[in-house]
Amino acid sequence: MPLRVEQGKPIILQAAAFLAFVSDDTLGQATRINKITWIKQEQTQWCWAASMQMVFQQNDDITTQQCNLANVAFELTGCCSSPNSSLCNKPLPILNIAPMWVRYSFNPIYINGLIEFTTLQTELDNQRAVEIGFKWNGGGGHAVLVVGWDIIDSVPQVIIYDPWRGEIIIPYDRVKTAYGEGQWRWTWINIRR
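Residue numbers (this note's numbering): 1 to 193.
Please keep in mind that the hints were generated in silico from the structure rather than gathered at the bench.
Heads up, a few of these hints could be off.
[Claimed, not checked] Derived BS3-like pairs: lysine-lysine, alpha-carbon spacing no greater than 27 Å straight-line: (1) K176 - K40; (2) K90 - K135; (3) K176 - K135; (4) K176 - K90.
Let's have the full structure, built from the sequences with the hints guiding it.
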């Protein structure tokens, strides 16, 4: 099970495979998006809302809570007073994610699948986070935000802000398999105003 990254402490991602030490000495020439910090999803199904809220940090004029995003997405008014209700605490269908971005004056490009590491680098080098959607082997999905990249020992690495698990630094090839638990199935790039 992945553990949250903390400066200078090891993290383990999946029992089998990945040990990284995260410190200033470990990362090579990492590119990381400025002004975005990790935010935990406030409800079990609000990974999509936390991912949006993280991106909003780059825009000082957007301040909203995850419950307000749920109200807008599901055309409700009670998600801040009863956030764990079945009407509010639910995933946002894939086809509704881009329209939510547009509501806040963003113009993302949706890609039905994964993107190559070079495309990821270009987006991140231009200070644009990339939202990706995982499809789990057991069903369901999960939205995460890619906020940086690095090359460590010739291996492309991705810096992910996972709204459920925390900050994760993981080889790009492991991202393609959703941490070994599924597949990278959906992508939103060009998330900017």
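Hints and how they fare:
Distance check on the hinted pair: K176 and K40 sit about 22 Å apart at the alpha-carbon level, within 27 Å; holds. Between the alpha carbons of K90 and K135 the distance comes to roughly 16 Å, so the proposed pair stays at or under 27 Å and holds. Note on K176 and K135: the hinted pairing holds, with a Cα-Cα distance of about 10 Å set against a maximum of 27 Å. Of the supplied pair hints, the one linking K176 and K90 holds, its CA atoms being roughly 25 Å apart against a limit of 27 Å.
Of the numbered hints given earlier, the model fails none.
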